[in-house]
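Protein sequences appear in the order of chains X and W.
Residues in the first sequence are numbered consecutively from 1, following our numbering.
Residues in the second sequence are numbered consecutively from 365, following our numbering.
Derived by calculation from the structure, the hints in this document are not laboratory data.
Be careful, since some hints might not be right.
As the list claims (entries may be wrong) - Calculated pairs, EDC-like style, for lysine to aspartate or glutamate (alpha carbon to alpha carbon, straight line, at most 20 Å):
#	chain 1	residue 1	chain 2	residue 2
1	X	Lys-87	W	Glu-493
2	X	Lys-87	W	Asp-496
3	W	Lys-492	X	Glu-53
What the hints assert, rightly or not - Derived DEER-like restraints, expressed as beta-carbon distance ranges:
#	chain 1	residue 1	chain 2	residue 2	range
4	W	Leu-406	X	Arg-135	25 to 31 Å
5	X	Gly-39	W	Ser-488	23 to 29 Å
6	X	Ala-114	W	Pro-454	38 to 44 Å
7	W	His-418	X	Glu-277	55 to 61 Å
8	W	Ser-488	X	Val-170	34 to 40 Å
9	X	Asp-168	W	Pro-410	42 to 48 Å
Just so you know, even glycine gets a beta-carbon here, dropped at the ideal spot from N, CA and C.
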Amino acid sequence: MSLIELVGLSHRYGSREVLKGLNLSIGKGEVFAVIGPTGAGKTTLLRIIDLLEVPSAGEVYFDGKRVPGSRKQRLEIRRRMSFVHQKPQVFNLSVYDNVACGLRWRGEEKHRIAEKVDLILKMVGLEGYKNRNARTLSGGEAQRVALARSLVLEPEVLLLDEPTANLDPVSSAKIEQVISYVARQHNTTMIMSTHDMSQGRQLADRIGVLIDGRLVQTGNADDIFYSPKNEEVANFVGVENVLEGVIITNSDGIVTVKIGPHRIGIQAVSNYPAGKEVYACIRPEDITLAPIFHRSSARNYFQGKVTRVTTLGPLSRVEIDCGFRLVALVTKISAEELNLQEGKEVCATFKATGVHIIERGVNQ
Amino acid sequence: MTEIWDGLIKAIELIISLDPEVMEIAGRSLRISGTACLLASLICLPLGSLIHFHQFRGKRVLINIIQALFSLPSVIIGLFVFVLFSRAGPLGELGILFTPIAMIIGQMILITPILLGLTISALSGVAKEIVDTATSLGASDFQITLLVLREARYAVVAAVILGFGRAISEVGCALMVGGNLKGFTRVMTTAISLETSKGELELSLALGIILLLLALIVNIALYRLQQR
Ligand SMILES: Nc1ncnc2c1ncn2[C@@H]1O[C@H](COP(=O)(O)OP(=O)(O)OP(=O)(O)O)[C@@H](O)[C@H]1O
Ligand SMILES: [Mg+2]
Chain X
1 MSLIELVGLS
11 HRYGSREVLK
21 GLNLSIGKGE
31 VFAVIGPTGA
41 GKTTLLRIID
51 LLEVPSAGEV
61 YFDGKRVPGS
71 RKQRLEIRRR
81 MSFVHQKPQV
91 FNLSVYDNVA
101 CGLRWRGEEK
111 HRIAEKVDLI
121 LKMVGLEGYK
131 NRNARTLSGG
141 EAQRVALARS
151 LVLEPEVLLL
161 DEPTANLDPV
171 SSAKIEQVIS
181 YVARQHNTTM
191 IMSTHDMSQG
201 RQLADRIGVL
211 IDGRLVQTGN
221 ADDIFYSPKN
231 EEVANFVGVE
241 NVLEGVIITN
251 SDGIVTVKIG
261 PHRIGIQAVS
271 NYPAGKEVYA
281 CIRPEDITLA
291 PIFHRSSARN
301 YFQGKVTRVT
311 TLGPLSRVEI
321 DCGFRLVALV
331 TKISAEELNL
341 QEGKEVCATF
351 KATGVHIIER
361 GVNQ
Chain W
365 MTEIWDGLIK
375 AIELIISLDP
385 EVMEIAGRSL
395 RISGTACLLA
405 SLICLPLGSL
415 IHFHQFRGKR
425 VLINIIQALF
435 SLPSVIIGLF
445 VFVLFSRAGP
455 LGELGILFTP
465 IAMIIGQMIL
475 ITPILLGLTI
485 SALSGVAKEI
495 VDTATSLGAS
505 DFQITLLVLR
515 EARYAVVAAV
525 ILGFGRAISE
535 VGCALMVGGN
545 LKGFTRVMTT
555 AISLETSKGE
565 LELSLALGII
575 LLLLALIVNI
585 ALYRLQQR
């Protein structure tokens, strides 16, 4: 049964419509990630779920019951949740008092508070900071205090608004570790928002893509990463190759799509009929590069010139002009072996199954 | 000129020797203004929080009025309290005119706008995100109010100190409703103003120095708070 259900949820700030008719149901113990570009409405959505904001239209159900209007009843429900805000605000009190706040407000006994706070501070690596004024902490430390302050409440629902934005990779990894540990330990339902696709993929059972106030697609990571529903999602989740084209033939599910001004044909798997206007989406990591005149069993085989190479850690991002623009992601080692540099001729191949076809002109 | 010098030296002698009359008057000033400030704070901190945390029609106007009353002349309040408690006045039966109680009431009225206004602005200085965070962590309305007062504690204490400073240094109201009765309602400011006109310079100067020192202490305390 779903723990949180949103039905026809819309929200406006002034005349600006920030959320537009959202329907979403989140199960007990589920970890749900909302991803979407800046300004899409992620924070607003979390604020509504935490009952900080009353939606302009639509309904919120918590544990099967419609969320009531009285402040007292809303407080009761809110106390079963905990929300780590995007910009963590620590209170001008000691670290200990910051973390103990929520428990005190719930009337927890003193010695239980002390036990729980000590334990959680150890978990986030702040055990030596108990008596420091929280205002004197660094950004990353403050973020950990904010996380500890919510975790110590052992909430049924944990809301996290970009929990690792503005943190270095090591601190992010540490926070992710704590989050996933707690989720498993207490079977906490979690709803997190993130810009970071890999984080959503790593932590979440299910992902929702929020674009411009609409929940465009929900599904597991693979659904979204390999079968984005439309161009917006594809662009957002980092499918760099979104090629505009028209299907010209379809034989038994193998289609040929003509791409670009030179009407170059690409083979793909799809059920759309000939004549359909589509986008062909190819993930850069699904493209293989080889020296020219290399033989391959892949259906799609193109020669082109490297126009640009950029290094991304252990990977190289290679832009190729083969009548249309392709972006490929290869390991730095193979980029060196192939001697990839601007002007170099290479051969790019990808499988028909590596091409995801989406319809043009829908959901926009 | 020598007269002033002599007076000053005698005044310092009075202070150093802890002259009973000087000490008694200074002590009464502290008690009366301290009580007025305490009672006014007990009313104004909750009331200020109430105003800050609630949205209602005319809130902006109310705050403007409160701020305009910061510099209310103390003789006007003296007049008001006098009329209220004079024998023919509405509360004349209580018979508290020319007692410390009337002075306390007068000073409370005098500093209420300052305490209210500065409490409200102290609370407004606390970021809205702090309130959101506390709400998310499950604080009730009352718990949020306490937390926000605590977040604004330096500014709130500064408001109380300012209120105390205004109370202890005013003379108009204390004179009109207290009457400068020796050993009963005579406080530093009323003593200074009346003793000077009688030519009793030493006592006035001694009390004046103490008042100045107090003002200095209050200001240092405020400065220290603002440094935090
Ligand atoms: N209190 C408010 N008043 C008016 N407009 C607001 C308010 N809060 C948010 N908005 C607007 O609503 C839109 C959605 O904001 P929201 O904070 O939910 O986006 P977001 O997806 O969390 O973005 P980010 O990734 O940058 O945090 C934005 O255009 C924002 O300017
Ligand atoms: Mg946000």
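To see whether the hints hold, each was checked on the structure:
1. Lys-87/X with Glu-493/W: 8 Å, holds
2. Lys-87/X with Asp-496/W: 11 Å, holds
3. Lys-492/W with Glu-53/X: Distance of about 14 Å is within 20 Å: holds.
4. Leu-406/W with Arg-135/X: 25 to 31 Å: About 29 Å separates the Cβ atoms of Leu-406/W and Arg-135/X, which means 25 to 31 Å holds.
5. Gly-39/X with Ser-488/W: 23 to 29 Å: Holds: the Cβ-Cβ distance is about 28 Å, inside 23 to 29 Å.
6. Ala-114/X with Pro-454/W: 38 to 44 Å: 56 Å, violated
7. His-418/W with Glu-277/X: 55 to 61 Å: Since the Cβ atoms of His-418/W and Glu-277/X sit about 57 Å apart, the hinted range of 55 to 61 Å holds.
8. Ser-488/W with Val-170/X: 34 to 40 Å: 39 Å, holds
9. Asp-168/X with Pro-410/W: 42 to 48 Å: About 45 Å separates the Cβ atoms of Asp-168/X and Pro-410/W, which means 42 to 48 Å holds.
Hint check: a violation occurs at hint 6 only; the rest are consistent with the structure.
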